[in-house]
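> Given next are the chains, with one letter for each unit.
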Amino acid sequence: MLMGLYNYWIVVVLMMVGFYIVIAHGNLIKKIVGLSIFQTSVFIFYISMAKVDGGTAPILSDGISKYSNPLPHVLILTAIVVGIATTALGLALAVRIKEAYGSIEEEEIQKKDNLDC
Amino acid sequence: MLAHLPILQVIVPMMAAPLCLFLTRPRLVWLFALIVSGLAFLISCILLQQVMTSGAIIYELGGWDAPWGIEYRIDQLSAFLLLIISAVSTVVLFAAHTSIQKEIPVDRHTLFYILYLLSLAGMLGIVATGDAFNVFVFLEISSLSAYALIALGKDRRALWAAYQYLIMGTIGATFILIGIGLIYQMTGTLNMNDLSMRLPEVAHTRTVFTAFAFIIVGVCLKLALFPLHLWLPNAYAYAPSIITAFLAATATKVAIYLLIRFTFSVFGLSFSFTTLPLQILFVVLGLSGIFAASTAAIYQKNVKHLFAYSSIAQIGYMIVGFSVSTTTGLMATLLHLFNHALMKSALFLALAAVMYRIGGVQLSQFQGLGRQMPLTMAAIVIGGLSLIGVPLTVGFVSKWYLILAVIENGWWPVAVLILLGSLLAVVYVWRIVETAYFKPPLAGSEAIKEAPLSFLVPIWVLVIANIYFGIDTRLSIQVTQVAAQSLFGVGPP
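Chains as they are written, first to last, in my numbering: chain A, 1 to 117; chain B, 1 to 493.
Derived from the structure by calculation, the hints contain no laboratory data.
Treat each hint with caution, since some may be false.
Some but not every residue of chain A turned toward chain B, in silico, with C-beta under 8 Å [what the hints assert, rightly or not]: (1) Thr40; (2) Val42; (3) Tyr46; (4) Ile47; (5) Met49; (6) Thr78; (7) Ala79; (8) Val82; (9) Ile84; (10) Ala85; (11) Thr86; (12) Gly90; (13) Ala100; (14) Ile109; (15) Lys111; (16) Asp113.
For each residue, glycine too, the CB sits at the ideal point set by N, CA and C.
Can you build the whole structure from these sequences, using the hints too?
Next comes the structure, spelled out in structure tokens:
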């Protein structure tokens with residue numbers, strides 16, 4: 001039970017770690033790191049479910065009749081691209097925020113915003 | 001050509017976006033974007049007409065059969081949404097060139113239109129596709145461009161708002177991705193139609209239940225259901241005014257579409273409303289959203305903030321209609337979706353005009369505007385009346401159907417609460433009217449003139465639509481009725 005679902009345990013742990021970082025940390029870069037970990041756990045989840053017991057890599061060749069499911073791999077390739085775009089945009093925003101506010105700590109930014117009002 | 005309309009709907013704005021880079025002059029890019037958006041509108045009109053006469057259109061991408069290839073499926077609901085999105089986008093874009101002159105540096109104008117078209121393409125794609133994973137991809141296309149568009153706002157708080165939206169939006173989208181992964185694991189298919197046939201066999205498993213919970217929470221984050229709405233007010237308030245008008249009228253509507261699509265079409269009505277206590281959950285959250293957001297709206301000093309909170313309240317009404325889970329209730333939700341898009345795009349465009357003339361939208365700056373910008377302010381008043389739900393405006397039609405649906409179900413207290421919620425709308429709309437019409441103009445504001453025609457034309461097109469569809473309800477009611485009936489599986493397929 002514990003070992004059979006080994007991949008899924010990793011997925012759950014990574015997911016919670018990433019999610020916790022996003023919620024708990026005030027540093028904008030750390031938040032994005034957390035978000036990436038969170039997304040990566042979903043990638044592992046998709047890849048794990050594509051595995052067919054005893055199946056090989058999905059490349060057509062003679063004498064092999066059992067293949068792993070290639071579709072989730074393709075899906076995750078797309079999701080990785082999306083993840084990179086998100087991370088890049090998030091980091092770019094962090095740079096702009098640093099330029100505008102002089103800080104990347106959530107608390108300080110909120111404080112400066114409250115002063116403006 | 002006509003057979004390829006479903007894909008053209010999405011691909012035209014998407015391919016047009018990078019082409020903008022070849023046009024160097026901002027005015028040319030604007031014209032090009034306007035033509036593309038107008039083309040999308042034209043396509044959506046033809047699609048709606050086709051769907052209404054001959055039922056759902058199925059388009060197989062690349063000629064691959066449905067469960068293997070990606071399928072686009074335009075039924076009454078999606079055709080209706082496509083029409084709303086492309087219509088609002090076109091009208092709003094009309095004013096874009098003038099509005100962004102003062103809000104965005106000239107060298108970024110081309111980028112603005114590229115992002116705008118990408119965001120449009122993403123939203124049209126979400127609605128057109130019949131493939132669950134495709135939904136996620138389009139969702140991210142539209143969201144990523146929306147984050148960047150919001151960050152273009154001239155206030156530095158726009159950056160912070162965009163960042164917060166990015167975090168919340170990505171969490172929402174990833175939740176949807178997890179949900180889709182789980183149902184794929186159980187059924188081995190991503191095609192929505194196929195999913196709806198295979199899910200009942202495994203409906204009792206915990207995996208499907210978890211998938212459902214993930215998808216619902218993810219979608220609710222995207223549609224800013226109270227209490228998941230925290231990203232919305234600042235994102236709307238600090239984005240460039242045109243973007244506020246565009247997103248307020250379309251982005252949350254698309255999320256509501258996803259909610260309806262997943263609960264009704266994919267998971268099926270009996271599963272959705274029995275495994276989770278969705279009905280009571282949504283009634284309570286919808287009503288608390290109406291009251292919390294309307295009350296917050298009353299205390300806002302920035303008028304964009306005010307209407308952003310009002311948007312959250314209006315989403316509350318749509319969710320209440322949805323939770324009734326009868327044909328009339330769903331009809332009320334769809335009607336309100338259409339009507340709210342009309343009201344909010346008119347209101348936010350009018351605010352864009354005010355922003356253009358005065359450079360700010362603080363309530364205190366509205367003093368005496370009733371005399372200086374009579375046409376713009378009249379538009380805000382009519383939009384506000386529509387928001388309250390005064391007869392002869394569209395707001396009345398959807399609230400009427402909502403109350404009808406609630407009473408049909410015997411939920412009297414809910415009906416009373418909906419009416420009380422409308423009273424709160426009276427208060428916040430009145431605050432603007434009072435400042436604009438009954439307070440003397442600020443010193444030194446004599447030079448303020450009426451907004452230019454490039455604002456007044458789209459604003460009044462929307463305002464007249466607000467009144468027209470409030471009186472002649474044939475189109476909106478016919479379409480929403482057929483769409484609601486087909487979702488419940490009673491009407492023609």
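> Now tell me, hint by hint, if it's right for this structure.
Hint by hint, here is what the structure shows:
At its closest, the beta carbon of threonine 40 of chain A sits 10 Å from a beta carbon of chain B; the interface hint therefore is violated under the 8 Å criterion. Taking 8 Å as the C-beta cut-off, the interface hint given for valine 42 of chain A holds, the closest approach to chain B being about 6 Å. Annotation: interface hint on tyrosine 46 of chain A holds; nearest CB of chain B at approximately 5 Å, less than 8 Å. Given hint, isoleucine 47 of chain A at the interface with chain B, is violated; its Cβ is 10 Å from that chain's nearest Cβ, farther than 8 Å.
A cut of 8 Å between beta carbons decides the hint on methionine 49 of chain A: the least distance to chain B is about 5 Å, and the hint holds. For threonine 78 of chain A, the suggested interface contact is upheld, since its CB lies about 6 Å from the closest CB of chain B, less than 8 Å. Taking 8 Å as the C-beta cut-off, the interface hint given for alanine 79 of chain A holds, the closest approach to chain B being about 6 Å. With its C-beta approaching chain B no nearer than about 5 Å, valine 82 of chain A sits inside the 8 Å limit, and its interface hint holds.
Hint status for isoleucine 84 of chain A relative to chain B: violated, with the closest Cβ pair at about 11 Å, above 8 Å. This hint holds: alanine 85 of chain A has a C-beta 6 Å from the nearest C-beta of chain B, less than the 8 Å allowed. At its closest, the beta carbon of threonine 86 of chain A sits 5 Å from a beta carbon of chain B; the interface hint therefore holds under the 8 Å criterion. Interface hint at glycine 90 of chain A: satisfied, since its Cβ lies 5 Å from the closest Cβ of chain B, which is below the 8 Å cut-off.
Interface restraint check: alanine 100 of chain A against chain B, minimum CB-CB distance 4 Å, threshold 8 Å, status holds. Taken as an interface hint, isoleucine 109 of chain A checks out: its beta carbon lies about 6 Å from the nearest beta carbon of chain B, inside 8 Å. Proximity of lysine 111 of chain A to chain B is violated relative to the hint, the smallest CB-CB distance being about 12 Å (cut-off 8 Å). Taking 8 Å as the C-beta cut-off, the interface hint given for aspartate 113 of chain A holds, the closest approach to chain B being about 6 Å.
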